[in-house]
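Kindly generate the complete structure, drawing on both the sequences and the hints.
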Amino acid sequence: MAKTNPGRFFEDYSIGQVIAHAVPRTVSGGERALYHALYPARHALYSSDQFAQSCGLPASPLDDLAAFHVVFGKTVPDVSLNAVANLGYAEGRWLRPVYPGDTLRATSEVIGLKQNSNGKTGVVYVRTRGLNQHDEVVLEYVRWVMVRKRDIDAPAPETTLPDLKPVLAAQDLEVPDGLAFTGYDFTLAGEPHRWGDYAIGEQIDHVDGVTIEEAEHMMATRFWQNTAKVHFDATFRPDGQRLIYGGHVISMARTLSFNGLANAQMIVGLNAGSHANPCFSGDTVKAWSEVLDKAETGKQGVGAIRLRLVATKGGAPFQLRDEAGKYLPEVLLDLDYWALMPM
Amino acid sequence: MAKTNPGRFFEDYSIGQVIAHAVPRTVSGGERALYHALYPARHALYSSDQFAQSCGLPASPLDDLAAFHVVFGKTVPDVSLNAVANLGYAEGRWLRPVYPGDTLRATSEVIGLKQNSNGKTGVVYVRTRGLNQHDEVVLEYVRWVMVRKRDIDAPAPETTLPDLKPVLAAQDLEVPDGLAFTGYDFTLAGEPHRWGDYAIGEQIDHVDGVTIEEAEHMMATRFWQNTAKVHFDATFRPDGQRLIYGGHVISMARTLSFNGLANAQMIVGLNAGSHANPCFSGDTVKAWSEVLDKAETGKQGVGAIRLRLVATKGGAPFQLRDEAGKYLPEVLLDLDYWALMPM
Amino acid sequence: MAKTNPGRFFEDYSIGQVIAHAVPRTVSGGERALYHALYPARHALYSSDQFAQSCGLPASPLDDLAAFHVVFGKTVPDVSLNAVANLGYAEGRWLRPVYPGDTLRATSEVIGLKQNSNGKTGVVYVRTRGLNQHDEVVLEYVRWVMVRKRDIDAPAPETTLPDLKPVLAAQDLEVPDGLAFTGYDFTLAGEPHRWGDYAIGEQIDHVDGVTIEEAEHMMATRFWQNTAKVHFDATFRPDGQRLIYGGHVISMARTLSFNGLANAQMIVGLNAGSHANPCFSGDTVKAWSEVLDKAETGKQGVGAIRLRLVATKGGAPFQLRDEAGKYLPEVLLDLDYWALMPM
Chain A
1 MAKTNPGRFF EDYSIGQVIA HAVPRTVSGG ERALYHALYP ARHALYSSDQ
51 FAQSCGLPAS PLDDLAAFHV VFGKTVPDVS LNAVANLGYA EGRWLRPVYP
101 GDTLRATSEV IGLKQNSNGK TGVVYVRTRG LNQHDEVVLE YVRWVMVRKR
151 DIDAPAPETT LPDLKPVLAA QDLEVPDGLA FTGYDFTLAG EPHRWGDYAI
201 GEQIDHVDGV TIEEAEHMMA TRFWQNTAKV HFDATFRPDG QRLIYGGHVI
251 SMARTLSFNG LANAQMIVGL NAGSHANPCF SGDTVKAWSE VLDKAETGKQ
301 GVGAIRLRLV ATKGGAPFQL RDEAGKYLPE VLLDLDYWAL MPM
Chain B
344 MAKTNPGRFF EDYSIGQVIA HAVPRTVSGG ERALYHALYP ARHALYSSDQ
394 FAQSCGLPAS PLDDLAAFHV VFGKTVPDVS LNAVANLGYA EGRWLRPVYP
444 GDTLRATSEV IGLKQNSNGK TGVVYVRTRG LNQHDEVVLE YVRWVMVRKR
494 DIDAPAPETT LPDLKPVLAA QDLEVPDGLA FTGYDFTLAG EPHRWGDYAI
544 GEQIDHVDGV TIEEAEHMMA TRFWQNTAKV HFDATFRPDG QRLIYGGHVI
594 SMARTLSFNG LANAQMIVGL NAGSHANPCF SGDTVKAWSE VLDKAETGKQ
644 GVGAIRLRLV ATKGGAPFQL RDEAGKYLPE VLLDLDYWAL MPM
Chain C
687 MAKTNPGRFF EDYSIGQVIA HAVPRTVSGG ERALYHALYP ARHALYSSDQ
737 FAQSCGLPAS PLDDLAAFHV VFGKTVPDVS LNAVANLGYA EGRWLRPVYP
787 GDTLRATSEV IGLKQNSNGK TGVVYVRTRG LNQHDEVVLE YVRWVMVRKR
837 DIDAPAPETT LPDLKPVLAA QDLEVPDGLA FTGYDFTLAG EPHRWGDYAI
887 GEQIDHVDGV TIEEAEHMMA TRFWQNTAKV HFDATFRPDG QRLIYGGHVI
937 SMARTLSFNG LANAQMIVGL NAGSHANPCF SGDTVKAWSE VLDKAETGKQ
987 GVGAIRLRLV ATKGGAPFQL RDEAGKYLPE VLLDLDYWAL MPM
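Residue numbers (the numbering used here), protein chains in the order written: chain A, 1 to 343; chain B, 344 to 686; chain C, 687 to 1029.
Honestly, I wouldn't trust all of these hints.
[What the hints assert, rightly or not] Computed cross-link-like contacts, DSBU-like style, restricted to lysine-lysine with a CA-CA straight-line distance of at most 35 Å: (1) A:K229 to C:K980; (2) B:K572 to B:K463; (3) B:K508 to C:K980.
[Stated by the list, open to error] Derived list of chain B stretches under chain A, where covered just means 3 residues or more per stretch with a C-beta under 8 Å from a C-beta of chain A: (4) 463–476; (5) 551–562; (6) 571–579.
If you are wondering where the hints come from, they were derived from the structure by calculation, not from laboratory data.
All residues carry an ideal CB built from backbone N, CA and C; glycine is no exception.
Printed below as a string of structure tokens:
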């Protein structure tokens, strides 16, 4: 019996199956430090314990995306080792902040299956949950990927498509216990713009750019214990390039968006996301955002803002698709998320 | 209203103005770990809690230069985003060690203004202070930068030049509370040379060299939450090169100086500093030092030593300026600082 | 008197001499975080406090190889600064786990000396011990290196060759106090294979590969406070290449071996090791293992497995030597170690 993990193939998934992912991870101040080294992260709530306490939290939590990547990384050996494509995200919700000392693990439930008409691949939908050491769900999201079949002659499963919300409603968002923006210090946060200053439809060019290096994206991707060969092994692809983990682009774009969205502090919802084009070392990543929606949460001074975050590798800001509706070749990421902002 | 930070221009500064910089930062063991990965840091006081305790401190503090970079980084969006040149430093003093768990923030007071004769730029002098969560000043320094004017027709301010000490006197230096070198372990520290073994005028070639990589200086610079585009974006300069943050060269040279100055433990004063020439990826940084002065502090076994620290990218050691008094092209840094050393 | 460390030459060593190495180091969660960024580390015992506690330990220890590298790094200025070659390892034993908050220091005792027939170099054998802040030995190993003579005319010392075990016996291995694999969670650990599932002679191709970057190996090597110029200074070797620290290859291969040996949790013995060929930036490191032996420890569910770990930079797995018995040019490392595994 081979000892190495061949990954799961399409016919290995069944509706209702729950996969417990391996390698729990305890986080510490070290994780925060590395996040600051790998990304231009400056949101004050994730940088300063005092600032977080002034917002009603016990301490500065691990960045929401760092928590996401830790959970995501655990799913790779079970969900996407034989994946041809990462197709989408939906219903992502951050339910509890993660603090230094917490230990994260992850499970995924198969909620959708559809064999492709070519008979060689199929689409698998999983709802992944990240749990802490108290078995509390800290975040959850739905992801669907196209996976190879091991045996082309294996019978197709009954097609099941999950009923997914195209966008989370404001009442779906979880405002962390105790969070209050009533005493929010805009000076320390870095920008004066509050929830009321953003208009639906407003677009923001985040101006700054980062040229990506191999060493950085590999360190980041390893850091999330994501082991997909394509990110690390220059001999794996015929073109000798290492594909950059899409999550690296997400974190790069989100942290670049500080410049203009410094007060979009906590990510609480992920409505959708597309890795529109691959990113490689040498690309210079920039980002722009668009305000898609706003909502009140009814909590102490906390507003919700729905943002489109677009990462590019060149080209002008605010350009997304061509006339045929296809993503422009310089667009790397199109993410739709909800953040919490002082009102 | 544009949401991104355009930075301040020369006419936005006025004498006496105090700028509270954004993004407080809580440090942990993670910051120490990364400092050890980014620089060849080996000073025992900053590596071992036990060693620091044997010197009378409660624990191993954050490296003095790491504390400096954290504070410096916070000032960039407010002071040097539109700077043409970083002209100098003076009166830098480290007043209290920074420990894991401390949260740093920074303020700058404008103490000097002088419009240049070209009418397009001016020099701004600020005294920057780093404060901890108890509002205690942990370090302070004066920096002056040349900044663009937004509007060339804006009236020139009255010229005010601060009265700066060319060199801090020994009595200006703060010896941390409790620090004692009476039980100093020279073996664990790495070298037998004590304060009395160094002669004024003595020069030390630190021998070791490090060839700089893009990924490393970007991780370091991001780590200090320094966001100046020129360090990260290869498309920003016409030559496609990313300029390396001068502070990266300072830390590289200081840590290389361990070899010959292992007992120059704590940096307590910064008299002056020039980034003589730019540093780029691929340069091999070496360092040499010269003993400029010595002084007793009157504290338990603690001597002060004033050092010139020069970083180079090639060339022979101990060469600094050409016949015209100009820095040689291979000189990267000329720093003048005070350190504490066992007597 | 020159202030920099010239290193020891062959005639500076004498049998029985004990060298106390400099720069003690306190480790924290930051060290674990960086280990996860630098290597694809996924062994659950070193990733999760909860998992480690379920195995009877108080918390997740520092990775055994990280502890080894920290100790090894301290010896470099005293043992291998003038070394021509790192010849071998033997009798490596991990005696106590290292936890965040522990402070490590190291000593080496000279246990063997043999001048080479060319009269220019000699072989020095040292037994190095890593100690924690309680002066407990946490690990020890024998290493021998070829060192230059300062003065070719210095008399040869009497030849003394230590009596080294070619392989540690099972009873030489220290099972950490309290360790129990009776409640071991194979799902969280990542693989179902237990001690009984591995057969002596079995070979495992670990499949995954990592293409090495300069920035990464320099960060890792600096992180261990290993200062050998050849790893950092591209101007040091005539070919302009930076030689990669052999320990970087060891950690890369060990962490790649997770895929197939996820349950070989703790390294407790190092029988032998050869850095068969140099590794440079751009090489793609892969690994394979062979089960050399198995033993019971008599402790709660804990078996011992002796493994050959081979790192390569190309070529097919399971190829080690040519017909003349010489390592193949693509072999980087041949390591022989004992690990603990659930029975």
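request  = Run the structure past the numbered hints and jot down the numbers of the failing ones, going up.
outcome  = 3 and 4
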